[in-house]
Amino acid sequence: MFYLDLLFSLICMFLLLICVLVGVAFLTLFE
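For the sequence shown, counting from 1, position 21 maps to 21 in this note's numbering; every step adds exactly one.
Since the hints were derived computationally from the structure, they do not count as laboratory data. All residues carry an ideal CB built from backbone N, CA and C; glycine is no exception. Please note that the accuracy of each hint is not assured.
[Claimed, not checked] Using C-beta positions, here's what the derived DEER-type ranges look like:
| # | residue 1 | residue 2 | range |
| --- | --- | --- | --- |
| 1 | S9 | F30 | 28 to 34 Å |
| 2 | F30 | Y3 | 39 to 45 Å |
| 3 | F26 | D5 | 39 to 45 Å |
| 4 | F2 | V22 | 28 to 34 Å |
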């Protein structure tokens, strides 16, 4: 169960990082 929670938190952080990168890319494109 511990490994499942760790994997879930890692996936959430990875998705959050992708969202931030996409947001930065859009901001730099539309400036």
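Hints and how they fare:
1. The hinted range of 28 to 34 Å is satisfied by S9 and F30, whose Cβ atoms lie roughly 32 Å apart.
2. Distance hint check: the CB atoms of F30 and Y3 are about 41 Å apart, consistent with the given range 39 to 45 Å.
3. Range check, F26 to D5: Cβ separation about 32 Å, and the 39 to 45 Å hint is violated.
4. At about 31 Å, the beta-carbon gap between F2 and V22 stays in the expected band of 28 to 34 Å.
Going through the hint list in order, the structure does not satisfy hint 3, though it satisfies all others.
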